[in-house]
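Undergrad: Chains as they are written, first to last, in this note's numbering: chain R, 39 to 373; chain E, 20 to 378.
No wet-lab data here; the hints were simulated from the structure. Where is the CB? At the ideal position from N, CA and C, for every residue including glycine. Hints may contain errors.
Residues from chain R that keep clear of chain E, each with C-beta distances beyond 10 Å, as calculated [unchecked claim]:
#, residue
1, Ala168
2, Gln200
3, Asn207
4, Ala231
5, Asp359
6, Asn360
Going by beta-carbon spacing under 8 Å, a handful of chain E positions derived as facing chain R [stated by the list, open to error]:
#, residue
7, Gly84
8, Ser85
9, Trp140
10, Val182
11, Asn183
12, Gly192
13, Gln297
14, Glu300
15, Asn347
In silico DMTMM-like links for lysine to aspartate or glutamate, alpha-carbon gap of 25 Å or less [claimed, not checked]:
#, chain 1, residue 1, chain 2, residue 2
16, R, Lys358, E, Asp198
17, R, Lys240, R, Glu227
18, E, Lys354, R, Asp265
19, E, Lys354, R, Asp359
20, E, Lys188, R, Asp265
21, R, Lys287, E, Asp198
22, R, Lys154, E, Asp351
23, R, Lys287, E, Asp258
24, R, Lys235, E, Asp351
25, R, Lys292, R, Asp359
26, E, Lys354, R, Glu227
27, R, Lys292, E, Asp83
28, R, Lys238, E, Asp351
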Amino acid sequence: MHRNHRAAALAATVLAGTLLAAGCSSSSGGKQSEDNSADGASAGKASTPRMTIAMITHAEPGDTFWDIVRKGAQAAAAKDNIKLVYSADPSAGAQANLVQNAIDQKVDGIALTAAKPDAMKAVVAKAEKAGIPVTGFNSGLDDWKQLGMLEYFGQDENIAGQAFGERLNTLGAKHALCVVQSQGQVALESRCAGLAKGFKGKTDKIYVTGTDMPSVKSTITAKLQQDSSIDQVVTLGAPFALTAVQSIKDAGSKAEVATFDLNKDLVAAVQNGSVEFAVDQQPYLQGYLAVDALWLYKNNGNASGGGTAPVLTGPAFITKDNADTVAAFAAKGTR
Amino acid sequence: MGMTQHAEPAVSSPPASGPGKVKDGRTSERPLALRLLARPEVGVFLGAVAVWVFFLIAAPPVRDGSSMANILYQSSTIGIMALPVALLMIGGEFDLSAGVAVITSALTASMFAFQLTLNVWAGVVVALLVSLAIGFLNGWLVVRTGLPSFLITLGTFLILQGVNLAVTKLVTGNVATDDISTMDGFDQAKKVFGSSFDVGGVQIKITIVYWLVFAAIATWVLLRTKYGNWIFAVGGNKDSARAVGVPVTFTKISLFMLVGFAAWFVGMHNLFSFNTVQSGEGVGQELIYISAAVIGGCLLTGGAGSAIGPVFGAFMFGMVQQGIVYANWNPDWFKAFLGVMLLGAVLINLWVSRTATRR
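Work the whole structure out from these sequences, hints included.
TA: Printed below as a string of structure tokens:
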């Protein structure tokens, strides 16, 4: 009896699919309208001996930002004849375990984010002892040197926040709302802190549940209804900026939206003016450089910044003026 | 706020009493007020009212109609899921995969339509089939293996979480779906799943209407139909239910599929409201749905509860979550406030039912 049910369900699915495919094509949008441009950039391939690099981040799975980081790392790996082993865990303890795992596998180099530097201290020291070079990227700007990392690629979140605030000053905003999608995350908090420092007007902060969009939408709406003097919403991730645009409409507010970080849809929103600007820390570049640096170190002894100064990948501002040049890259998911 | 009018149908229909109502003097009739208070949904109703009144006083913006509409919108997206989750719980099982199942459905609809360049309704239909199939699989595994639904649905929770991510990446090359808002059928589907309408200058989201309609249907099914009796029976005692001819397998599997249906519905709302879906969303929502059902008077052990209770449970969640924002309390304390308010509401709930059942 159960088998019959399942067979029927399967048949129905196939039938529905076929019928729909035959008669219900969409005349706009969809895969067909996408450009068939070549995937990703390719810079040839190095003839150096194959090496293995582990990239270990604190990413939440399924987040567009981290996907772009990973694509950058993969592009560098392909070019440098590197086997890239990517892993991630948002909990610091688990991330440290992943690093230990990489050391046990005797990889040739480790690229690491240090969102919670104290938890990484012991394993980074172990890697050093085992003769494995470690590069830092994205998080850990204040700590990478003490941790004994080779070099660092990223954006100073606080400086980026300040630059963000200064730009808002020139746009004439008076009262900004900083929307944090994950409570207690160091990088996000320092963006808001930097914003408050650089922005001459008043800065408020609010926490939303990043995994539940309807909840994000109603919480921002609620805040705008509660305080009608807010004229600027600042989000810390691209998908939340697009939701904030809807909240503003719901609340009948006149606030503008600007955001940290990019994705394809966000670039389109900057182009059509519904989002003022975005600050891009160039995650692709971070992933790319962190891996490429290990190749350079192994093959030529190079260290960017001389091993003492960090290499900043942002903040780069994406506005209506330059959005067109970025759009093509964003469409491929690399900006 | 029309909360009282929704409480009436449940209150005015006490559990089916025996045929004759002849008094033989052996039992004394308890006062009506106490009998009402003893119903599981009345405690949560009073808890919800308490929270509502509290925020009316503490947060002036709540008194505004559009704020209430916003609170109810947040409550409705929780509440539509909390309803079948509650029915399932009354039936003695629960579903940890309900949160990510919402996202699975949204991802399926979006990718199916986009990749094959079909009318978005094609994606909507396929997503429904997938959601029902996930519910069927959950139910079938639970019934077949006799393992606790905690274990089975923890498994599907993890599977769906991984599949959401991996398949999306495989199909789109990114971890979020493509924007489908320019495709055929989108505007129509948005009208059905994600529109709003004007009532006296206040924009009401359509999910609120669905939520209350679904709650009314669920209440009717639970209290007035044979199927409703089956749900209570399989949740109370599976073996004796089977012994008196209740189709236990059918009831349990269909309850899981009902959760699948609601996940599809909320998933479609997410998709057509926000155009794209990130594959990592939905994690943690299952606990909110289960909490709303438990706060609403459904026992974790099954066999007891109502469909109207979770409506107030979900309202309480939405009210507290947004009330804190409207009250402009320090956001650093947000989660702590949320916890304290919910505990407080549950304690009122408990106190009411204790007082009511004490002789």
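Undergrad: Are the hints correct? Go through all of them and say.
TA: We went through each hint and held it up to the structure:
1. Ala168: holds, 31 Å
2. Gln200: holds, 21 Å
3. Asn207: Label holds. Min Cβ-Cβ 24 Å, cutoff 10 Å.
4. Ala231: Ala231 (chain R) clear of chain E: closest Cβ-Cβ about 13 Å, beyond 10 Å.
5. Asp359: holds, 23 Å
6. Asn360: holds, 21 Å
7. Gly84: The hint is violated - Gly84 (chain E) has no Cβ within 8 Å of chain R, the shortest such distance being about 11 Å.
8. Ser85: holds, 6 Å
9. Trp140: Hint holds; Trp140 (chain E) Cβ to chain R Cβ min 7 Å, cut 8 Å.
10. Val182: violated, 11 Å
11. Asn183: For Asn183 (chain E), the interface hint holds, since the closest Cβ of chain R sits about 7 Å away, which is under 8 Å.
12. Gly192: holds, 6 Å
13. Gln297: Result: holds, 6 Å to nearest chain R Cβ.
14. Glu300: With a minimum Cβ separation of about 5 Å from chain R (threshold 8 Å), the hint on Glu300 (chain E) holds.
15. Asn347: holds, 6 Å
16. R:Lys358 to E:Asp198: OK: Lys358 (chain R) and Asp198 (chain E) at ~20 Å, within 25 Å.
17. R:Lys240 to R:Glu227: With Cα atoms ~16 Å apart, Lys240 (chain R) and Glu227 (chain R) stay inside 25 Å; holds.
18. E:Lys354 to R:Asp265: holds, 21 Å
19. E:Lys354 to R:Asp359: violated, 40 Å
20. E:Lys188 to R:Asp265: Given pair Lys188 (chain E), Asp265 (chain R) is violated - Cα atoms ~40 Å apart, limit 25 Å.
21. R:Lys287 to E:Asp198: Holds: Lys287 (chain R) and Asp198 (chain E) sit about 20 Å apart, inside 25 Å.
22. R:Lys154 to E:Asp351: holds, 19 Å
23. R:Lys287 to E:Asp258: violated, 54 Å
24. R:Lys235 to E:Asp351: The hint holds at about 19 Å.
25. R:Lys292 to R:Asp359: Roughly 23 Å separates the two Cα atoms, so the pair holds.
26. E:Lys354 to R:Glu227: holds, 16 Å
27. R:Lys292 to E:Asp83: holds, 18 Å
28. R:Lys238 to E:Asp351: holds, 23 Å
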